[in-house]
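K.L.:
The lines below spell out each chain.
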Amino acid sequence: MEKSIIVENLAYRYGDLLAVDHINFDVKAGKILGFLGPNGAGKTTTVKMLTGQLRPYAGKATLLGYDVTKDTNKVQSQIGVCFEQTNLYEQMSAIENLKLFAALFGVNNFDGYALLERVGLAGREKDKVSGYSKGMKQRLMIARSLVNRPQIIFMDEPTSGLDPVSSEAIDNIILEERDRGATIFLTTHDMWEADKLCDRVAFMNQGKIEALDSPRNLKQQYGKRSLIAEISSNGDAIVKKEIDMDSPNTATEVEKLLTNEKVITLHSEEATLEDIFIKVTGRRLTE
Amino acid sequence: MSFRRIRTLIKNEIFYGPKDIVLVMSLVIPVLLALFFNLAFGNIFNDRAALGLLDKGDSEMTTILQSSGSISLKEYYSEEDLKAAASDGSIDMGIILPMSFDDMIQSGNAEIRAYTWGESLIKHRVMIGTIVNDAVHEMSGSILPVNIEMIALGDVSEVPWNDRLLPLVVLTAIFFGGMMLPAASLINEKNKHTLEALSVSPATIGEIFTAKGTIGAILALVMGVLTLAISGQFHSSILSLILVMGLGSVMASQLGLIAGAYIKDMNTLFALWKFGGLLLFGPAVVYMFPQIPQWIGYIFPTFYVIKPVVDLTINGLGFDAIILELLILIAIVAAIMVGVNRIVSRLSNQALRLS
Amino acid sequence: MNFRIIKALLKKDVSLFLSNRFYFLITIVGLILYIAIYFLMPSEVNEELNLAVYENENTGVFSQITGEEGINIEYFSDKEVLRQAVMDGDYHVGISLPDNIIAIWQAGEKPDITLYYSSSTPTEIRDAMVALISEIAYIQTGQSINYNISQEVLGTDMAGAQLSLRERMRPLLAVVILLMEILTLASLISVEIEQGTARALFVTPMRTSDLFMAKGILGVGLAMAQAILFLLLANGFDHQPLIILTTLLLGSMLVVGIGFLLASLSRDVMAVTGWGMLIFIILLIPGFGNVMPGLLSDWAKVIPSYFLTDTISRVVNYGAGWSDVGINLAILAGLTAVVIFAGMAALRRRYQ
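One line per chain: the protein sequences are A, B and C, in this order. My numbering applies: residue 1 is where the first sequence begins, and numbers increase by one. My numbering applies: residue 1 is where the second sequence begins, and numbers increase by one. My numbering applies: residue 1 is where the third sequence begins, and numbers increase by one.
Just chain A, with the same shape it has in the complex (with noise of 0.2 angstroms):
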C-alpha cells in the first residue's frame, strides 16, 4: 500500500522555542493516524506544515508524492482541512459557504445539498451560519473540507466541545471517509475518539513523538490487563478486587475466587492510551 504522507525530520522553530523537534513518520493511503497530546505538544503545527501553512524550519514532508514546500498548490488542490477553531463566513448561508469553497476548488457539478444532508444540516441549508450551534458549525466545518473529495482530510480537534451524538455523527463520517480510501489525520486530545477511529497513533510531547503504533499493540506493550471482580463481604458491604491476567497464578486465583467468595460482577479491564500516555511522557493528555 502507497503512503499518502511521508514525514522526514520535520522542525518548526518559533522564535527559540522549538515546536516541533526533527520528527518521522508515515502514514498509509486510506488509514487514519491520530497525533494525541496535551495542549502546547506541537498537533497544530505540525499540521500546519503538513497542509501549507507553514514553512518547515527543517526537514521534508511529502504528501501523495509532492513536496508540500514545492508543490504547495498540488498539495492543497487534493486535501482537505478543518480546523481546530470555527472560521466559517458567518454571515453567509451553509450553501454558499460550501459552494465558495467548491468554486474554489473547481469542483464540477457540485451537490451542497447531498453533502450537508450528509453531515445532518438537512433542512437548514439556507440558514446563516451566525444563527448555527457550535455542533452544527463543526458539522459544517467538516462538510467543507469534504468539498473537493480529498484524497488526505486533515481534522483538528474535530469534536472539541461537542455532545456525545454530535461526536458521534462526525466519528461515523470520519469512518466513512477512510472507508472511501481516503487518508486521515486526526489530531485529538480525546483518547476514546483516538482509540476508537484511530489505525495508529502517534504520542506528541513537546514536539517529540514519544511513541506511534497501533492502539492495541500500544496497550499490549505498555498496558496492564486486570480482571475487577466486586464480591460482597460481611452482608450488604462490596469490595474490589483485582487479578493480574498475565500472570501464571491467574487460573488458580479465579478458581479460588469463584469458589471462596461471592462474586457480584467480574469483568475486564484494559489500560487506557491515556494511561500508557502518562507512562511513556509522564504527562497527562489534558494538562
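Read the hints as simulated data drawn from the structure, not as lab findings. Even glycine gets a Cβ: it sits at the ideal position worked out from N, Cα and C. Any given hint could be a false lead.
To be verified - Chain B is nowhere near these chain C residues, computed Cβ spacing over 12 angstroms in every case:
no.	residue
1	1
2	14
3	78
Claimed, not checked - Derived lysine-lysine pairs resembling BS3-like cross-links, with alpha carbons at most 25 angstroms apart:
no.	chain 1	residue 1	chain 2	residue 2
4	A	3	A	99
5	B	56	A	134
6	A	99	A	70
7	A	126	C	11
8	B	264	A	134
9	A	134	B	190
10	A	137	B	192
11	A	241	A	31
12	B	74	A	126
13	B	83	A	128
14	A	99	C	11
15	A	74	C	7
16	A	31	A	3
17	A	279	A	241
18	B	190	A	137
19	C	7	A	99
20	A	262	A	279
21	B	11	B	192
22	A	128	C	11
23	B	192	A	128
24	C	301	A	126
25	A	208	A	3
26	A	241	A	196
27	A	219	A	31
28	A	241	A	219
29	A	224	A	279
30	B	74	B	56
31	B	83	B	56
32	B	74	A	137
33	B	83	C	301
34	A	137	C	110
35	A	128	C	301
36	B	74	C	7
37	A	128	B	264
Based on these hints, arrange chains B and C on the given structure of chain A.
P.N.:
Leaving out everything else, chains B and C in the frame of chain A:
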C-alpha cells in the same frame, strides 16, 4: 450600589480599559477640529477681500491699512512672494508701495504696482480699490467732507464664522468621547466575555455601567472645556459652562451605555456614529446657517446642551438666560437615565444576554 | 492568476458586502448625502456689490461709479421702500442722500448720509461701503488724489465667470467618495483575518495573487462606481472625460493600496476604522485647498491625494488637457504603484 466596587471598576477601566484607537480619537479629533476650524475653515464663507502689501519704504499707508477692518491684510517682504501669493489665491491683490511713496503722494505722482489673482471676485477688487483710495486720502491729510450714520435694520446679530462653528466643535468633543468610550468599552467586554465574568462577581451590572459611564462623562467634560479654551471662549461664566457641559457629558455617556448594551461590534458602532451624527449635530448645522429656521433646532436633544453654551460664550449672557434650557436638559438627562436603568434591570435579570 | 478563483472570491465579497444591510445602507445614504451636499451648495457667484440709493433728485453723486464693473446701483425715490429692500436682503446696503446734498457741499459743509444695513450684510462690505461713500465725497468736493495703479492679472482672469462654491466642492466631494472606500475595503479584509476565514482560503488552490486581485477589483469597482455616478450627476464629465476616468482609476487603485496597508497594520476592525478615519482626514486636506485657494502651502503636495484632487479640479473646473496634467498623472501613477506594492507586501506578511 457599592461605591467601593464602583471605584475599583473605574480604576480597572482607567488602567486596563481600552487604550486603543477610540481613546486616541476621543482625545485627538476634537482638538484637531477646534484648531482647524479656528485657523482655516472660518474663511470659507466670509466676504473679506485679502490684500497683500509690499512696502519698500515704510509708508504710513501700511499702518492705515493694518487698522482697516474691511480687508484682510498680509505683508510680504519680497516681490516674488507677493506675486506667488497673488498667483495661488492666497490674496486677491498684491500691491507694491515704492520707496518714498508718501512723498510721491504729496507731490501727486505716485505709482502703485498691483498683481491681481485671476479668480478674485470683482467686488473684492472694487472693495480693495476703495479701501486703498480711502487710505491714501487719510494719509494725505484730507478732511472727510461727509458725516456717515450707520443704521441697522431688523435683527442684526451677525455671527462670524469662527463662532458659528463653535457648537459643532463642542458637540464633537463632548459626544465623541462621551459616547464612544463607554460604548466601545462595553462592546469589547462583551466580545471578550469579560462582562460575563464580572457579572458573576459581587459587582452588579448597575455598578459596571456606572463606572464606564463616569469615565465617559469625565472625558467628555474635559474635552468640552479644552475645545472651548482653544476657541478662546472659556473665560467667563465658567461655573455655568461647566454645569451645562457636565450635564451634556452625562447625556453623552448614557447614550454610549445604551449603544454599548445593544450593539454587538465596533463596525456597527462606527456606522451608527456616522449615521446618527446627523441627529446629534443637527443643532450645530442649524446654528451655522441662520437661513434655516432656527426653531428646527429645538427638536434635537443636543440643542439644550449647545444653546446654553452659545448663550454663555458668544452671546455673553448670564445664568438667568439659560435657566429654561437647563431645566429641559436636566429632564432629558433624567429621562435617558430611566432608560439606562431599565436596560440595567433587564440585563441583570437576563445575564445570558451579556454575550 | 486563476480567473475562476478570482470570480468565486469576488462573488463572495460582493455577497458579504450586500448581506450586511447596515453597511450597504450607509454606503447608499452616504452617496446620496454627497450628491445632496453638491446640489445644496450655491451654484452662482455673486460678484457684485448691490447698492440701493435714495435721493430726492438726480444729484449725480454716484454717477462716477454707475455702470462700473462690480457695482450695481438701483435708485429709489421712496426711503421706506429702500429700507424694506435692504431688510429683505435684496441689497448689501442702502444709502440715503440728504436733500440738496450738492448745495451743502458747495456751502463747504458736511452733509449727513445714512447707510442702512441688515443682518445679512457682512461687516467687511458694510465698512467698504463707508469707504466708498467717503471716496465719492472726496471726489465731489474736489479732493481726489492723483496716483496710478498698474495692474497685472495673474492666471486666467475669471471676473464675471467665477467658479461657484458648488463647482469648487466638486473635486473634493468626488475624492471623499473615493477615500471612504479605504475603510470599506480594509474592514472587509480585517474581518477575514479576525474571523480566521482567510486561513481557510489559504489551504485551497487559491493563491495570494488571486486574493489580492479579487480584493483589488472589489475596491476599485466600489470606489469608481460611486465616484463616476457622482460626477455624472455633477456634470463632471463635460470636459476630457477620458482624463477624468483615468484619474479616477488611478485614485481607486491608490485607495486599494492604502486599504491593504491599513488592514495589514491594524490589529482588528475597530483599529481599521479608527486609524482609517485619521488617514482619511489627512488625505482630505489637499481637497480643501481647492475650495479655499491659498489656504495650503507647498507642504500639502507631499500628501498623495494632492495629485488626485488637483488633477480633477484642473480638468473639471479649468479645462486642463493631457499635457497640463500629465505630470500629475505620472506622479499619481508612481505613488499608486508604490502604495499598492507596499500594501500587498504588508498584507502578505499579515496573512502569513
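K.L.:
Indicate, hint by hint, whether the structure satisfies it.
P.N.:
Here is what the structure says about each hint:
1. Every CB of chain B lies more than 12 angstroms from the CB of residue 1 of chain C, the least distance being 30 angstroms, so the non-interface label holds.
2. No Cβ of chain B approaches the Cβ of residue 14 of chain C within 12 angstroms, the least distance being about 18 angstroms, so the stated non-interface status holds.
3. Against chain B, the non-interface label of residue 78 of chain C holds: every CB pair exceeds 12 angstroms, the least being about 15 angstroms.
4. A hinted pair counts as satisfied when its Cα atoms are at most 25 angstroms apart, and residue 3 of chain A with residue 99 of chain A does not qualify at roughly 31 angstroms.
5. For the suggested pair residue 56 of chain B and residue 134 of chain A, the alpha carbons sit about 82 angstroms apart, so the restraint of at most 25 angstroms is broken.
6. At most 25 angstroms may separate the alpha-carbon atoms for a hinted pair to count; residue 99 of chain A and residue 70 of chain A exceed this at roughly 28 angstroms.
7. Taking the CA atoms of residue 126 of chain A and residue 11 of chain C, the gap is about 17 angstroms. The hint holds against a cut of 25 angstroms.
8. Taken as a hint, the residue 264 of chain B and residue 134 of chain A pair is honoured in the structure, with Cα atoms around 19 angstroms apart against an allowance of 25 angstroms.
9. Between the alpha carbons of residue 134 of chain A and residue 190 of chain B the distance comes to roughly 18 angstroms, so the proposed pair stays at or under 25 angstroms and holds.
10. Distance check on the hinted pair: residue 137 of chain A and residue 192 of chain B sit about 20 angstroms apart at the alpha-carbon level, within 25 angstroms; holds.
11. For the given pair, residue 241 of chain A sits about 39 angstroms from residue 31 of chain A by alpha-carbon distance, which is inconsistent with the 25 angstroms threshold.
12. At most 25 angstroms may separate the alpha-carbon atoms for a hinted pair to count; residue 74 of chain B and residue 126 of chain A exceed this at roughly 68 angstroms.
13. As the CA atoms of residue 83 of chain B and residue 128 of chain A are separated by approximately 65 angstroms, the hinted pair breaks the 25 angstroms bound.
14. For the given pair, residue 99 of chain A sits about 11 angstroms from residue 11 of chain C by alpha-carbon distance, which is consistent with the 25 angstroms threshold.
15. For a cut-off of 25 angstroms, the pair hint linking residue 74 of chain A to residue 7 of chain C stands: about 21 angstroms separates their Cα positions.
16. A threshold of 25 angstroms between alpha carbons decides the hint, and for residue 31 of chain A with residue 3 of chain A the separation of about 10 angstroms falls inside it, so the pair holds.
17. At roughly 23 angstroms between alpha-carbon atoms, residue 279 of chain A and residue 241 of chain A fall within 25 angstroms of each other, so this suggested pair holds.
18. Between the alpha carbons of residue 190 of chain B and residue 137 of chain A the distance comes to roughly 21 angstroms, so the proposed pair stays at or under 25 angstroms and holds.
19. Taking the CA atoms of residue 7 of chain C and residue 99 of chain A, the gap is about 12 angstroms. The hint holds against a cut of 25 angstroms.
20. Annotation: proposed proximity of residue 262 of chain A to residue 279 of chain A is violated, straight-line Cα distance about 34 angstroms (limit 25 angstroms).
21. Note on residue 11 of chain B and residue 192 of chain B: the hinted pairing holds, with a Cα-Cα distance of about 19 angstroms set against a maximum of 25 angstroms.
22. Between residue 128 of chain A and residue 11 of chain C the CA atoms are separated by roughly 17 angstroms; this keeps the pair inside 25 angstroms, and the hint holds.
23. At most 25 angstroms may separate the alpha-carbon atoms for a hinted pair to count; residue 192 of chain B and residue 128 of chain A meet this at roughly 23 angstroms.
24. With a C-alpha separation of about 51 angstroms, the suggested pair residue 301 of chain C and residue 126 of chain A falls outside the 25 angstroms cut-off, and the hint is violated.
25. Distance restraint check for residue 208 of chain A and residue 3 of chain A: the Cα-Cα separation of roughly 21 angstroms lies within the 25 angstroms cut-off, and the hinted pair is therefore satisfied.
26. Between the alpha carbons of residue 241 of chain A and residue 196 of chain A the distance comes to roughly 28 angstroms, so the proposed pair goes past 25 angstroms and is violated.
27. For the hint linking residue 219 of chain A to residue 31 of chain A, the alpha-carbon distance of about 19 angstroms falls within 25 angstroms, and the restraint holds.
28. Of the pairs offered as hints, the one joining residue 241 of chain A and residue 219 of chain A holds, with about 22 angstroms between alpha carbons and a cut-off of 25 angstroms not exceeded.
29. Between residue 224 of chain A and residue 279 of chain A the CA atoms are separated by roughly 11 angstroms; this keeps the pair inside 25 angstroms, and the hint holds.
30. Between residue 74 of chain B and residue 56 of chain B the CA atoms are separated by roughly 14 angstroms; this keeps the pair inside 25 angstroms, and the hint holds.
31. Between residue 83 of chain B and residue 56 of chain B the alpha-carbon distance is near 15 angstroms, which keeps this suggested pair within the 25 angstroms criterion.
32. Distance restraint check for residue 74 of chain B and residue 137 of chain A: the Cα-Cα separation of roughly 69 angstroms exceeds the 25 angstroms cut-off, and the hinted pair is therefore not satisfied.
33. Among the hinted pairs, residue 83 of chain B with residue 301 of chain C is consistent with the structure: their alpha-carbon atoms are about 20 angstroms apart, no more than 25 angstroms.
34. About 94 angstroms separates the Cα atoms of residue 137 of chain A and residue 110 of chain C, which puts this hinted pair outside 25 angstroms; it is violated.
35. Distance restraint check for residue 128 of chain A and residue 301 of chain C: the Cα-Cα separation of roughly 47 angstroms exceeds the 25 angstroms cut-off, and the hinted pair is therefore not satisfied.
36. Note on residue 74 of chain B and residue 7 of chain C: the hinted pairing is violated, with a Cα-Cα distance of about 59 angstroms set against a maximum of 25 angstroms.
37. Taken as a hint, the residue 128 of chain A and residue 264 of chain B pair is honoured in the structure, with Cα atoms around 17 angstroms apart against an allowance of 25 angstroms.
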